[in-house]
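Undergrad: Under full-length UniProt numbering, the first residue of the sequence shown carries the number 1, and numbering increases by one thereafter.
I should point out that these hints are in silico values taken from the structure, not numbers from a laboratory. All residues carry an ideal CB built from backbone N, CA and C; glycine is no exception. Hints are not guaranteed to be accurate.
[Unchecked claim] Computed Cβ-Cβ distance ranges for the label pairs, DEER-style: (1) I102 - G75: 27 to 35 Å; (2) L40 - P161: 27 to 35 Å; (3) K79 - K18: 21 to 29 Å; (4) V19 - M148: 32 to 40 Å; (5) D7 - G75: 18 to 26 Å; (6) A191 - P123: 25 to 33 Å.
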Amino acid sequence: KYGNDVDEADELARKVMKVWSDETWKYKTPTDFQFRPGMLSWNYWAGADAGFTVATPNGRNKATFLSNAICPSNGADLKGPTAVTNSVGVVLGGKTEDGGYINYLPNGSSHTITFNPSILKDPEHKEKFKSYLRGYVENGGTCLQINMLDVEMLKDAQKHPEKYPNLLVRITGYNAYFNAIGKELQNEIIARESHKI
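Generate the whole structure from the sequences, applying the supplied hints.
TA: So, in structure tokens, the structure goes:
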């Protein structure tokens, strides 16, 4: 599945992205502005909009959350954050033979990823995290949105919201107070893979 640095899956995702990108460039708005391809979900991947979709070949059930922008589907990224980043780099277009980047998405592509806050507790993991961030940029990534969240804390916040009045989470292109979003979206955030390095 896409998100695991598997050539076959990533190449298929890249081909779909290229077809979609090429098609988008063919159209203009009624006021003659050019449409520009991008992968920015806002909330179209969630809730009511996702409810209109059928089941998909990746195992996602009908009417459940879609993948968030350029991210793999929840639970599909099994090989860690570097594998996810490598997959994202391929889907964005990859590199030319001279090392330049091909970017099918000039309107941007948001990539939200969640890490367990424990990665910042010791110097070795801090250095690995810095390397990860450098690698993301070197791989052609354009918009990395990072959550530092502990899944157990989120579950506790659902049960005891009064203990967490200031808990902010990254949804997609925006942050929100965890207690202010609906339970369905809270569950989606809890279901996101919380990576360790």
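Undergrad: Honestly, which of those hints from before does the structure not fit?
TA: none
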